[in-house]
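S.K.: Each chain is listed here by its residues.
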Amino acid sequence: MALLDIKNLTLYIDTGSTTVKALEKVNLQLNEGEIRALVGESGSGKSLAVRCIIGAIPDYWSIKADRITYQGQDLLNMSYEQRRQIMRREIAVVFQEPTSSLDPSVTVGEQLEESIPPEFIDKGWFWQQNRQRKKIAISLIHRVGIKEHEQYLNAYPHEIPKDISQKLMIAMALASEPKILIADDSTRGMESTTKSQILRLLDKLNKTKNLAILFVSHDLLAITSVAHTMTVLYCGQTVESGKVKSLLRRPLHPYTKALLDSAPSFQLSLPTKSPLATLKGTIPTLQHLPAGCRLGPRCPNARKECVQTPVPRAIQEHTYSCHFPLHVPEGIAKRAPRVSKGLGAND
Amino acid sequence: MALRRSTFKSGLCVMMITAISTTLLGCAKPSLNNINAMTYCSESNPGSFNPQLDTSSTTADASAHQIYDRLLEFNPSNGLIEPGLASSWLVSADGLTYTFQLRSGVEFHNTSYFSPSRTFNADDVVFSIDRWRDKSHPYHHVNGGSYPYFDSLRLDERIKSVERINGYRVEITLYIPDSSFLANLATDFSVILSEEYAIELMTNGRPADLDRFPIGTGPYKFREFRQNQHIRFERHEDYFLPTTGPQQLVFDITNKGSLRMAKLITGECDAVAFPSQSDLAVIQEREELTLLQKPGLNIGFWAFNASKAPFDNPKVRRALALAIDKTSLLDAVYLGQATRAKSLVPSASWAYQSTAKELGYNPVRARELLDEADVPNDFTMNIWAMPVQRAYNPNAMKMAQLMKSYLADVGVNVNIVSYDWNIFRENLRLGMHDSVLIGWNADNGDPDNFYRPLLTCEAIPSGTNRAMWCNPEYDELIEQALLTDDFALRTAFYHQANKLLFEQMPLVPIAHAFQYQAIRADIENMEVNPFGGIRFDSVTRTKK
Amino acid sequence: MQRFNLYQEEYHPSPLINIWLEFRRSHIALAGFVLLVVFLVITLLAPLIAPFDPYLQNTNAILLPPAWEPNGTVAHLLGTDSLGRDIFSRLVYGCRTTFGSSLLIVAISVFIGVGLGALAGVLSGLRSSVVNHLLDSIMSIPTLLIAIVMVAILGTGLGNAMMAITLALIPQFVHQTRTFVRNELQKDYVLLDRLDGASSVRIFIHSILPGMVELIVVQATIALSIAIIDISALGFLNLAAQDPLIELGLSLSQGLEVAYVAPWLIILPGLCIFLMVLSVNVVGEGLRSALRTRLHH
Amino acid sequence: MKLFIRYLNLMVVTIFILLLFSFILPFLFPGDLLTNISGISPQSNEQRIALEQVYKLDQSIFHQFAFYIESLLDGNWGVSTSDQSNLLHELLLAFPATLELVAYALLIAVVIGIPVGFLSGLKNHNPLDFSVVTFSIVGYSFPVVWLALIFITIFCLQFQWLPISGRIDLLFDVPTETGFILIDIARSGISNKADAYLDALHHLILPTASVAIVTTALFIRFTRRSIMDVMEKDYIIAAKSRGFTQRQIFFKHGLKNALLPILPLLVLQISTLITNVMIIETIFSWPGIGRWLIQAIYQQDYPAIRIGMLVVSLCVMALTITIEFITRAMNPARERAESATV
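Protein chains in written order, with the working numbering: chain A, 1 to 347; chain B, 1001 to 1544; chain C, 2001 to 2297; chain D, 3001 to 3342.
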């Protein structure tokens, strides 16, 4: 049973003059103890998807989805109170900008202790409770790999470096022992040393705590080293998803191929000084998305049929939504089973 | 966490309750009028608390009738002279010596700053008169040393001597007979001070306090004065006349006429000084207010500064007089509540001349006269409009604006000048004005009280002669009028004076206004005094 | 507003048009804007709009109520005052004095304020911080106090009152410009200009000022509403405009004299001031939210 | 600590400049210099020379300034030209009355303005928010003068519920000790204390209301704008994602972050509030410093204006600088220059 299952999620954003489909028919599954990467260029709607999942949407956004379930409970039309409980205990989020996700007017220690759920503190006088909370906070900090906890605990957010605050955000997320951790591009803009530290930390948490992680990023190197499965997003549409190894070996969707080509470290056979393969054109703005397959005008082997939105099809847990997938002969492509709405085909 | 939610909600409803209770509080208006007290809204600060020092009726209101008594009094209904502190008086055959028999057992005020050891006697009378009469008197130069009313009448030169015959008898001898002398002793200005208090102050080195913390024999004692705010009086328990006036009297100083009217309506004031003309109709409508009125002994006029060119030329003054339309002024400013003034003296006085000549409204003739006097076409002059309201001129500013448009028709530009009342009168005395809209309230029934202080040469330094006009022929006429007691002979002299004034036209008489008094309905036996001023010693409040 | 165009590039409205489109969306802001334009027209064309000469006294039509009252006449639309002068033309001239002088005040204080602010922003170190703190403290002196001292020194008159209010408004602009300039100076595009050899003045005029215009306009609307209220308040205390000049605050205090017989003499001038300030505030608020949404996207 | 020293010297510099300015004022005022300084207009020549001796006009400017400071410190603040009353005494009576009005109006503005501003900021785009916004925009664009006149016509003349002028009915003879009317009543020995309280409250309602409405409207506008900005910040979304309730988020994170940037703006409102109170005093003839100063202008009483200006601006200055210091100290993250625009 998938821990988190999202089917055909469509997000309408009302930008004053027009309403725009930022996300269109997004499918995403996250199983127990699995690290799934959500990949896409910046501006492809990754962060929007995260915000839809956790429900922090302003009132001028509206969501239509067949199913957003967490352990079978439908998140969409759940009461605010129930959803808040789930968000409190089961799902945790680490946002992109660590410094701006911490309240500037409160010390970091206080914010950390605040996120420890009351159930973890056994009853007693309030100073005993405070001491206990402090102990748990210190243990959390050590677990995420910060040694000198004293200095950081009563510092203010603007006084601590970026990577430390990112680790603190993770510590806060872990405070409530969640089952799912959504890391929204948490390694963006960091040097490689701190980036690998964070990735190793996530991997360790996944292995020891069997914590399912939805790792949102556009940094392919980080993904290949950590993630088990991967979903590729382009202009709000899931173009391809499946095991990382199968995608790397045989990308079916031209966009995934272009994405992988653009990272030189993947082409072993790349002759020196040769021009890197890049996709021509730019990402269309939300107001003027092309009809049908959104890659349409930029796709190297686009044809007439691409005008209709391709239906997502699957070959042994490797779903793609393209009329003319690569590496697949014409015949098989047509007959590949559809990932239709009701089927619930498992990847 | 539950705790926090409740504080937010309870905070809100506590605020609601306080808001509602304050509005409810608003309805229960506290009933004040059970305290035996009364509030009078006066129009500005008194210059000082001794009417000898300045002629403004504000000072007289705040001091003359409340704090002090006079040797003789006027009967407000018929204007005849009655005994005051002097129980009886004798005039010698040649009219030169006056002997006054004084009342005994009259107590001075016993206040926080002075407690008298003796009652009123002749020494106080001698002290009070000698103070303004005798230049060498120790108190003469205290607080400015100028006594405008007495200086304008030159009374100090007329009185030869003031002697104390015995404890309760005083004899005053004059150089030449003066039929208006008794009337002058009954005016608001000739008050009786306490000699004992003066001596005590002189020994303590604080002589100026005599006029700032007054002591007198009148119905009310002075308690406290806050500039621009209020004056507090307390009833003088052992006043020699029976008084039914309020225990506590407060003068609430309110400069704006409309604010005084508002306070009368809300009941914060029981009586109001000088209600504005436009509000008279409103007072008559409301049943909780009553309006008392009496033909006043006053005159509102437009005086030219005859000491300044070109206003020293009678032709210019006559032209300017012709240029304004008096009837429209009467309608617009007095709203028809005043009689048109032909000469100085109103119809209520026995010296009134109904046949006096008068200038009509003739702008063409006015322009010709101005050209003859070679006054340039765009000649600019200023009109000083007094800031306070008076019966004789309820809205000087409005009258000035009306005259400005009339004078503009004859090519004379006008700018209107106004200051605070005390500064206004000070600058007038120094003659800084071109022309001024002001007037005069008679202090006694004698016509001399109009002719001498307003237009004689001696009145110029004292500041009561606003026109700064000095004409020996006119002074001679007024002197002769004083020598006889026969009314018919005096009237003839005054008619000659009127003819002279008509030719010279130092000032344009405009109107004799009614004397008004607006009070709350529950105030009884308050009388309107034709000579202006207000008395509270006989005023009572009916219990509702 | 789908606009079909063959070419690939988008229709990107210029920031100004964008603000206008955003501003136009809220109807209240538009209504406020129309009211503001009406007052502007009144200020510019007062002599043409006023039916009578405001000083013309006609003594047989004293204290006429407005036309809609029982004995009001249509000739004098809003009635006449205690000297028979037409209220409507006096209000028109009053608006002209009040609104005109406030606009002048704001223009001067913007000009001086921005200049000083830029100067303070550019020269850093002790001097500018002293200047800034000093101006902050001057900003906290109540405007009426400055006006009283000004009137005491120079005497009453509209000119002196305007000077006092300008003096009170300048620190606001200086403070805001200084903060804006100091923030911009740390930005890279200023560094680039400096590397190109541009002088501070040129940087200020060409790169910083355009960015600041919207901020100044929003601040100017606030200053305008403060100026109008202060001018009319000082007029009411007759420290500002003196009698021959017609001003709304002054006519309010003159109307007080005959308040019981003619209440409309108080209500109408007050209403004029209120509508004037309301329209300025509504337009200011509309501009601010338009600016905010533009910066948001 | 560095912050404290910097603000201390700012305070000292401002006080010095104010003293200097108030010292120069008499030279700027029209009329005879001696009267402007001492308040006594010399009658005769030898009195003039004697006075110049006393006020050290014949010595250098620095001596005069030193003498001026010294006379300020030991309490003889000179005499008013119009009625020779001691200025220090007059100010001690007048200034507390103004402070009283300012305090009550500020209390109302803070107790009602800020919560309502937060409430409408949180529950956005619903009827409550809309009505609060209209009230606030209408509120702060109401000229105080006209608002007072309307209150008078309705509450005083039409319904005659409330009195118009003064702080208490003059028939209650309450000796003024502290200057604050309610405290004076408490300490005075007058018989009908309950009546006096009720009457003092009656006199208080209208002036406070007409001043408080404008300030409350401004407070509402600032707090609403600030809380709406804060609620969209990332750390609020992060807190939401950690599953806190709307109220918890508001009290833990929203309140402090919303209040800190707008405190300097609220302080600025205090100076507009004082201007409004001074204007209101002339209408309700409230015996405060505003009315006293304006009377001084009409009577050209220059020593009074000079001292009145000095006292009021000193108090306002001290208040604003201390509040600015408190906000700066309380808010660690705020860099020196950043403060919220309106």
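Among these hints, one or two may not hold up.
[As the list claims (entries may be wrong)] No more than 25 Å apart at the CA atoms, straight line, and that leaves these computed lysine-lysine pairs for DSS-like: (1) A/Lys123 to D/Lys3252; (2) D/Lys3233 to A/Lys135; (3) D/Lys3240 to A/Lys64.
[Stated by the list, open to error] Sample of chain B residues facing chain D (criterion: CB under 10 Å; computed from the structure): (4) Asn1045; (5) Gly1144; (6) Gly1205; (7) Arg1206; (8) Glu1224; (9) Arg1232; (10) Arg1235; (11) Lys1263; (12) Lys1326.
Since the hints were derived computationally from the structure, they do not count as laboratory data.
Backbone N, C-alpha and C define an ideal beta-carbon position, used for all residues, glycine too.
S.K.: Min Cβ distance, B/Arg1235 to chain D: is it shorter than 10 Å?
M.R.: Result: violated, 14 Å to nearest chain D Cβ.
S.K.: Please check whether B/Gly1144 passes as an interface residue: C-beta within 10 Å of a C-beta belonging to chain D.
M.R.: holds (8 Å)
S.K.: Quick one, is the B/Glu1224 hint okay against chain D at 10 Å, beta carbons?
M.R.: holds (9 Å)
S.K.: Would the hint on B/Asn1045 be counted as holding, given a Cβ-Cβ threshold of 10 Å to chain D?
M.R.: Because about 7 Å separates B/Asn1045 from the closest Cβ in chain D, which is inside the 10 Å limit, the hint holds.
S.K.: Does the CB of B/Gly1205 sit less than 10 Å away from some CB of chain D?
M.R.: violated (16 Å)
S.K.: D/Lys3240 and A/Lys64: Cα distance at most 25 Å?
M.R.: holds (22 Å)
S.K.: CA of A/Lys123 to CA of D/Lys3252, is that 25 Å or under?
M.R.: holds (23 Å)
S.K.: Does the alpha-carbon distance linking D/Lys3233 and A/Lys135 stay inside the 25 Å limit?
M.R.: Violated, because 30 Å separates the two Cα atoms, which is more than 25 Å.
S.K.: For the hint on B/Arg1206, does the least C-beta distance to chain D fall short of 10 Å?
M.R.: violated (12 Å)
S.K.: Would the hint on B/Lys1263 be counted as holding, given a Cβ-Cβ threshold of 10 Å to chain D?
M.R.: Where the cut-off is 10 Å and the nearest Cβ of chain D is about 6 Å from B/Lys1263, the hint holds.
S.K.: Can the hint on B/Arg1232 be confirmed by a CB-to-CB distance to chain D that is less than 10 Å?
M.R.: holds (7 Å)
S.K.: Mind checking the CB of B/Lys1326 against every CB in chain D and telling me if the closest is under 10 Å?
M.R.: Since the shortest Cβ distance to chain D is 31 Å, the answer is violated.
Of the numbered hints listed earlier, those contradicted by the structure are 2, 6, 7, 10 and 12.
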